[in-house]
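K.L.:
Here the protein sequences come in this chain order: A and B. Counting with this note's numbering, you get residues 1 to 1076 for the letters of the first sequence. Counting with this note's numbering, you get residues 1 to 362 for the letters of the second sequence.
Be aware that one or more of the hints could be misleading.
Listed next, the stretches of chain B that the computed footprint assigns to chain A, with coverage defined by at least 3 CB atoms under 8 angstroms from CB atoms of chain A [claimed, not checked]:
1) 23-33
2) 44-54
3) 95-101
4) 218-232
Treat the hints as calculated values from the structure; they're not laboratory data. Since the structure is predicted, the reported quantities are computational estimates derived from the model, not experimental observations. Here a beta-carbon is modelled for each residue, glycine too, at the ideal position from N, C-alpha and C.
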Amino acid sequence: MYGAYIPKKPKRVLILGSGALQIGQAGEFDYSGSQCIKAMREEHVYTVLINPNIATIQTSEGFADKIYLAAVTPEFVERVIAKEEIDAILLSFGGQTALNCGVELDKLGVYDKYNVRVLGTPLTAIRDTEDRQLFKDRLAEIDVKTARSFAANNIEEGREAVKKIGLPVMLRGAFSLGGKGSAVVRTEEEVETALKRAFAAVPQVLVEEYLAGWKEVEYEVVRDFRDSCITVCNMENFDPMGIHTGESIVVAPSQTLNDEEYHVLRTIAIKVVRHLGIVGECNIQYALDPFSTDYRVIEVNARLSRSSALASKATGYPLAYVAAKLALGYTLPEIPNGITRRTTAFFEPALDYLVCKFPRWDLTKFKGASMKIGSEMKSVGEVMAIGRTFPEVIQKATRMLDIGVHGVDPEKFVREDLDTALSEPTPLRVFHIAKALKEGYTVERIHELTRIDRWFLHALSNIVDMYKRLDGCKAEGRIDADTMRRAKELGFSDAGMSIATGINHKKIRRDRIELGITPHIAKIDTLAAEFPAETNYLYSTYHATAHESPTTRKKKILVLGSGCYRIGSSVEFDWCCVNAAKAAEELGYETIMLNYNPETVSTDYDVCDKLIFDEVSYESVLDVWDKEQPDGVIVSMGGQVPNNLALRLAKDGVKILGTSAEDIDRAEDRSKFSALLDELGVDQPRWTHLTDISKVDEMVAELGGFPILVRPSYVLSGAAMSVAHEKHELVRILERAKAVSSDHPVVLTAFETNAREVEIDAVADNGEIVLWAISEHIEDAGVHSGDATLMLPPQSISIPTIHKARGIAAELAKALKITGPFNVQMLAKKGAVRVIECNLRASRSLPFVSKVTGNNFVSEATRRMLGVRKPVTNHALDLAYVGAKVPMFSFPRLVGADPLLGVEMASTGEVGCFGDDANEALMHSLLATGFRYPKKGVLLSLGPVSDKYSFTEEAKVLAEIGLPIYATPGTAEMLASVNVKCIELSKQEGAEGSAMDIIDQGKVDLVINVPRSYDDQGRPDGYLIRRRAVDAELPLITDLMLARALVEAIRARRDSTSLRILSWDEYLDRKPMALR
Amino acid sequence: MKLILEDGTELSGDSFGAHRSVAGEVVFNTSMTGYIETLTDPSYRGQILVLTYPLIGNYGVPPDREAGAMNRPFESNEIQVMGLVVQNYVDHHSHHASRRSLAEWLKSQNIPLLSGIDTRRLTQKLREKGTMRGWVVAGGNVDWEKKNADRVDMRKEVFELVAPKETVTHDGKGAHILLVDAGCKDNICRSLLERGAKVTRAPYHADIVALAQEADGVLLGNGPGDPKDLSELIAKVRELLGTYSKPMMGVCLGNQILALAAGGDTGPLKYGHRSVNQPVQDLLTRRCYITSQNHGYHVLDESLPDDWEPWFVNLNDGTNEGVRHRSKPFFSVQFHPEASPGPQDTAYLFDDYLRLVAAVRS
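So that you can see chain B by itself, here it is in the shape it has in the complex (with noise of 0.2 angstroms):
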């Protein structure tokens, strides 16, 4: 089995999942745990996944959810990526969760696994050229692999693919929490119904800014894909901060659309967030935090408009990792505080966000 970028480079390994050929752009993830957050995480959608950290597959893989339920590890109801690549793929799993291996997984759901490749070497490919469209590889006629492999349109159909079919409420004794879902990860869910809260998950067509009205804030979830892609989106965002007086928080994908809502710019990142060791600050209490983060384009600064301003800055590369309105209760970070995959330092916000959500309630 092959990977195959765009930039003609081919590299091969041994096929551990499903054996079919994919297509979709290549993008990296250094973290060292997590495979099965990173995998499930909707933001992946489309995508052959390069995991950089050597071993995977070490703690295998739990049972699939029941019906209905959004339990832990699992970020989404099934694996997101269009193909996984890694350095040496460990069949003998060993947890006490575990029944069954990762590429017995990834079998069951068709996507392939690709062992065997230099994935720090792949990793800075990738770092170097950006996000490249690559093709995983199953047979040897490999224009015809290529030709039919199997891809997600990521302008349009990726969106449509990881948002919810309905609108869903989980019911919770405090505020009432509009999840606005674009590929949002569960944790976020999760995040909010473990602190009480009655979430209402809607998909990102659906009508929100009806839903915020019934509801105490809203929340923009985090997803696939250019920001820009989802035009319809931001427009009733942006009708929504012009009109509404309750909180607002984005998280990652959310950033981007609040910030773009609110008549700023995005722009793609030189070299992409893929990890969760991303260092950042808080502009306002110059505190520090490590944060977990998958993201590829990011929030120009200068773009703000007056009566916004940058809230964390990225300690690496010193770029945009949220912004808050100067006055109103409006504000996004660009990193994931719900981690899952990744340290819990933000989770915090979560806190904040509904401590405000009730102070404004009453």
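Here chain A stands alone, though its shape is the one from the complex (with noise of 0.2 angstroms):
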């Protein structure tokens, strides 16, 4: 009876995709979804996978047998059910996203219909874990304690729950994720429009008794169908209970816990996720009493999650994998540890170290937005530090989050009101903990003000009392060898020691060799050294005493990672740095891969030979240099942050491989750039230097006046930069963009308005282009490259006009002796093509153009890096098909923040589909966003007068549509002239009638509002509209162009049963007519 157990495997399994990155479900699940499709493979079941995020691993050859690059709704994946005759599918591997989907097509009957079956946890459990209040209940039957709450289906219903409850509540939104919907709800006058914010947000909301100051624990727990149950992992949040867990510091293991409490807590995980019959793994938080041993659990995640991606990679436990393999019916005790290689799955690791999971927020990039953070989820990335001492672990987490601090400096973030700093959690508070302590704050005061467990103050007082302890080093100008060696177990880097000390790195670093006080790479082996284990999964240390990872002889090379995801560098980037790898190990290279975003495939052990979880720094570099003697560096893959340290490492001996760093400076600087594209004749957009802001009149005159483009160097997705209308805003940009980077130059430029925008992606070798790939923006010149539009290939501008921008990018090649991947973007306006900036490095978009011109960009610009060199084919512009690439944005989640683009970027993730003309290839992607075709009504409110006139026939087509339009006075004025009905609105809050009531009556379902200029701040009234639309989250546009480009999709694909669903390869084997 207990023989061998052969499950019964399907043959055609559909995975759902996780979609665009957003603000609370990130590159996570490009993780769990390309180690489930490796582990399906593994057992050759045939996989389909429906994903529309073009930039990720998981929609790359060699993962799925098939991919759709479509929007992951219920109608889309029934088509791709009967397409594909799938007969099982997977939900747990792309999010919430996924989940939703998956519940909502067993609602439709779709399984039956098809006879497909649900893999891994049964659709009943997801459900019991989804609604609050069947959860609530099922955990009661075991006697299990969950928060006393009331779940209410709408807002009356809501009421009765806090006056129930009785103040302070907590709501949490059913169905959601990263918290949405949910708030710490204080006071009376709190309570309604707390409840209206989630009931838009969500269908179900849980009032709940707030748990102030209880500690918030996690466990990660994996359960195959036989029983047998696991905790891989737990974690502790640094912030207690009321901020959401993916908005908390985070450590694993736990450190607070006592053996029962630790124990305790794990008994109830397992007996609670035996009961709800999960088979896979989950996620299960808890609010522990610091002052006892009571709990509640708060709420039970039966699907892959950022906190499973973590755990993954805070202990080297595959979970996602093993998930993906006990869906097929296997058993924990069948499936072999990857790790250890002697072990099997069957096992909980044991931690010889500690992580902290810091996240990183990029709240400024938002206008408006509100900086406090708390129970909804609105940071766009993590970091993750490996150590053996909290200080240690935190200083480096602080350095990874690449916001300019050297660890955690009392001094770097002062506030003049330090006990509101402490007493309201804002992305800063850590820095703001030490700012007291160094002013004398007790541990016992600032855990009054915080509720944070006096353990962690502790420990960070240790870091506090270093900075002291070196500002005594000042005097005598060296760090002698015990503060050396101290301050490095507390995790000081030798930049934050300078800072400190006054002394110069580079001699801290000198000095610090000579005393032999150097870092050892320490082996993550899933067993804290109780039996060995070959394992490659490494990070570094200055608590090891020795080097656990042999040193090889091979021939081989260092890709460093993109760090943190942020808005501006996620996804795409590792992308790049995995296809890297794969094309430097196919040439037989040892790979070594530096990254430490807990996020990412890049950080999964299996991709590179070596593994080295740790900071992309300067001095991290270098020391992995000192250590592998790589053949060479990869500093272009991984966007901005490792591109910025290729002058210095050349500088220091370390061999960057492709174009030379020297090179990369010159495009990077954008003086000594503009100087090459004048010196080339290089038609530019007139530009001039900062040199004084003095004389602002002078360079505004020489720009021919305004509007002005400011822009620092050395900056991905534009930081800084700003465009100026008038003076008294220029001369405040110039100040804010001189604090940025005081090293590098600021230049003004002339900011053209109505002109195209294009893009070239290109691979070079020795300064010839070998591969290349124009895109156009559908909006304007003056959005960010990564909040437009992109369609590849182009749709609008003019075959000289491509010409002359493929001279201009072989000139750049030539000119700057590029070898590798580089990206150039250009004005194109009444047949000039002006360069606005060159990127020698990969760029956002080089993902997207790989897989539409099914040419691998990065592969090939690996292999020209490495010397090799093989003809290729080049499809830039004959492909019998269009792409495009759509941002996704996250505005809903920033309360406040004003959904406008500018030159700033803003989304968070972007979608790439593809279709038979550009309509088509818009529409999906827009779908795939969360656009949905409007059937109510079209609110218009359109800015200039000119933009109201271009977009006539456009209003004409919305009205035979059929679509009911309402409009703001000056748009119903142009209306009415040109004789389209519409109802008229009006702007004023409050207003009977006004554009904000009809979006709060649901009566439309478009929104589209172009903003008068794209100056600062936005006009008032018009951010009203568009705040209440992403509030209502109804679909947004703000940009003229796209807004004409939707009409006329929506003209020509009436509805989403218009659009065909093709999967990659069907697009890529159409043979081309070739345009020669």
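Join the two chains into one complex using the hints; note that each chain is given alone, in its own frame.
P.N.:
Structure, rendered in structure tokens:
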């Protein structure tokens, strides 16, 4: 009866992806999905993936057998099920998007209709965990405590529930991700707005007792269908209850729980998971009373999650891979442990280190967004630091955030109102705590203000004490051996010590190495050295006393990863790094990956020969370079973080592969680059240096007046890039830009209006282009390229323009002696082509152009950098289809932020879809970002007169389709003049029949609001309409060109049934007619 | 302060506990929590304990027990180890139950604490070389310190130190269990009491054959050292195996004693099991459990007589984790179902055992 079990394997499995990256749902699902596909392939199961996120690893060749770049919606999924003759589906690898879609499909009876099995956790268990009331009831059945709460299905019920529980209460949304719709409500006044907001986002809200100050602890649990059950990892939040776990600093394993607490919660976790019948992986969250062993179960996520990705990286236990195997019917002891290769998946990792996760926020990028953090997720990425003390890991983590700090520096973000800074959490609170400690606040006092456990605060005070000790070294001009060693053990970087002591960091490094104080490479082996393990998963620490990973004599390369996800740098660079490593591996190189982002595939220990999970900084790269002695370092695949290190590393003797560091600098340094363009005779917008703020007037005159674009050097995603429309604004921007980077000059450029923007992505070899592709933005120049809608091949620019652009790219490649990837952004206006910028590294659009053209630009670039030259066929223009790349915004999560596009990037993710023509590709892409075909009505509020009139044809189309049009007064006037019927609305907040009213009443399901101009603030009334639309989760278009393209697409493709569902290879297989 | 191993390894660190020299076998444990339970576990008597997890002391130590009490988190009335070696001792403890730091507690019982050692590296060494003798050396004159370091004889003295002085009975309404104590953790006793049993806790050298007749069942507890050094106890258990018809259960050392008494053999493990994350599988049901373990010796499966069979197996290295008699109610496990520290997955074994005892009794 207990013989070897052979699971009944499905034949054709459909995996639902998570779609575009957004706040609350990021790259971790690329990691879990990729692992899942890998597990399925090992079992020879035919895999079909639906995921519109074109920048992911999982949507690449060599993963799923069939890839559909389409929205993960019930309709499209059903069509894929029918077309591909799917017999089983996996719902738990694509985050909340996949789970919700999966539940919906069940309601629609799709699984029964097509006889599709849901693998892994059964749908009943998913419902038990997602529906708040069911969840409570199920746990009550086994005497497990949940927070006292009532589920409410509408605002009225919500009010009742608040009364019953009594303030303060916690609101939690059902079926949501990242705590959307949740809030802590403390006063009567807040009740109404909080409920309104919550119900706009989710259909059901749980009103719950607020467990302020309780510890927040999580366990990752795995169970197989035979009921073997383990907890892979537990984690403790630095921030107590009230701050979403995605917004919390988190440590693993827990630090302040004793053995009894640890195991009581572990036992409950297993009991709950067994009772719910989870098969695979899930996460359980607890609140734990700091004064007793009393607890509440907060929630169970019956799917792979951000926490599970973190737990995988924290322990080396491949949760997603194991969950996939369990879904196929394997049991835990039948699955081998990939790290030790001697043991099985049925074990619980023991850590002999700890990790610290730190979220990365980009709140300052959003005008008007609140800086407070709380029960809703707002962070856009996270980092994980590994070490052996809390000070060590938190200091590493703060550096990894890439926010310009060298550790938990008390003087970095000083605020006057220290008490408020402590009691009201913001992204910078840990620095305020450090400052408070330095100012003499006791741990007790800080604990009262923050409710953070004293254990963490004491650990932080060790850091602050070291700052004081280092300050004492100032006078002597040197750091003694003991201080140096202790500082390193507390996680200080050379640069951090340099700031604290005023001693040059290079001297510190020299002295340190002379003293024999160097880091060592330690292994993560899942068993804390109890058994021997053949692992390649490594980190560096000053607490280790010997290197564990032997340095080989093979030819090898080091790939520098992209670091933490943030606006402007996300999964696309991970795709580039992984592909670069794979290409190098194919050429016989040993590959070493250096990266620290737990949400990535590149930090999967399977990807490279060695994974060093550590900082990507000048100091750490030099340390790895010294130890490993690779043949070269790839800095061009991880975005701006590694790219910025190129010049400094090269000066210290590190061999940079591909384009030389000096040439990278010539392109990055705005001033040098502009000079180069002049030298080459390549046209560019008029520009000038910032030399002296007092000479502003002269400079403006030189550029031909306003508007003016201000651009600092070495920036990604337009950080600190702004448009100035008048003098005061310009001066203000200049002062801010100077603060961003004092080392590099600021350039002022004439801001071109009504120009097209095109981008060339290319690979060159010794200055010769070997691969290229050209994309066109739908929006006019002025919208950041990361927020723009890209079309490949271009749809409206002329052939001479394409030729000119191509010629410029070739000239630049030659002049900069490029070997490797590069990207040029250009303006096209009236036959002229002007260069805006050029990056000698992989760009954000590289996965998109690679997948649309079918040429892997990264692999080719890597081969060229390694000196391998094989001829390639290039399809830059002759494609028998169109690809569209559309940004994904997360404005609903950023309370108060103005959802307006500008020169600074605001999108958190993107999708890329295909179509027979531009209309189909655009509609597919928009649907994949959550857009819905309008059915009820359209609200039009168009800015300048010229904009109003250039929309007349489109307005007529909307009227023809039969959509009621609502318009603000100016727009209504225009519509009347061209005989389009509309309902005029007031812009006045509170006025009856105002635009905001119509949105609230749900009379419109598409809002087109084009602001008067891209000024810094946006007009206040426009802001209200935009914000209200976003809060009501309505599709919002704020760019005129995009609005026009959208209406045209709606006209051509009236509804989603008119959109074809074709797989990626079906498009690529179309033989293009050569346009030579 | 230094740790010196018999292979000549010398590691320096900072002294936080009692500043004195001790000698003993150096063993490690990789569990991430549970230092209080581990330090008071009599199985560690005479040993220098290395905790691999790098942060130790986080949640401090609760006040000492009242006289006669048997409360958690303590597993006996005193710290059992000779000395403690950690990577980073954390003095600033934080926990609602904590009344003092780990160092204060260790000092109060005259136990040295050496911090600042790369315990991962040390664990690797101990894993590869097996248990080594070692010295925590407090003074500069190393040879003198080593010679005069406090130590425990591990063949005989160790059992005398950990076993109770006399037989004690804890009342309960349920079945009467004889708990044979050669260094038994308190939580085995608590586990029985919590389930309503009446427990007579007798030292291993008591007349357990006679005591067993008065009880409804026997439980052989855990303890330190090499099981073969307990030949008297083995002989008594052998006598019981021949005559006894009531359920008999063994835990850890008890597993080895039972196997030896049955005619089987034990031997040292290549890699000792010293952690709370040991996976085992029940060979009858195929179910798997995570268990808490601390042993350097194991039962040799192939040595078992015909009427005995292996019951549990370790999924990491395939070694024996429990044996059972094919027809009589005698069985034992190598791991610690009482946990403390560690996972509570196999606590059901106490329920099963008491159920069986009750069934046999009626």
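K.L.:
State for each hint whether it applies.
P.N.:
Structure-based check of each hint:
{"no.": "1", "hint": "23-33", "in the structure": "holds (count 5)"}
{"no.": "2", "hint": "44-54", "in the structure": "holds (count 3)"}
{"no.": "3", "hint": "95-101", "in the structure": "holds (count 3)"}
{"no.": "4", "hint": "218-232", "in the structure": "violated (count 0)"}
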